[in-house]
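Engineer: Sequence:
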Amino acid sequence: MTARSHTRLDRVRGSLGIAQLALQQIEDDLKADDVDARELAAILRELQEDIDMPGGLFPALAQLVSTAARRAEQIEPYRDGDASCYLHEAAALITDNAGQRLNWAARSLHPQGDDA
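Note that my numbering gives residue 24 to position 38 of the sequence shown, counting from 1, and the numbers run on in steps of one.
Rather than coming from a laboratory, the hints here were simulated on the basis of the structure.
Treat the hints with care, as some may be off.
[Unchecked claim] Listed next, the in silico SDA-like pairs over lysine to any residue satisfying Cα-Cα at most 25 Å (straight line):
id, residue 1, residue 2
1, K17, A76
2, K17, G42
3, K17, L7
4, K17, L(-5)
5, K17, A77
Everything numeric in this text was worked out from a predicted model, so none of it was measured.
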């Protein structure tokens, strides 16, 4: 590993630490005794369609994995798709499966909309 890639990995680790702290704060909010169905639905919608970050957390995570897939396509041996295929499938699962299920859960909790 070069010094440059070591620095890059350190940045990734730092960024993941920040993300984990933010997610822990959301988890703490979800554990609050006064969270009702309407508010829980709104929180779930924010994870999928955050207004401050266009696209939401799940789509952003899928985009990150797709970026890794495109990079893998360029560097995998023989360009055989072994790594990139798994990454593309993971990105699709995040949006198509996990993201859609968040939407369904939010609708089940509060079908009227996402204004909490």
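Engineer: State the violated hints by number, sorted upward, taking the hints as numbered earlier in the document.
Structural biologist: 1, 4 and 5
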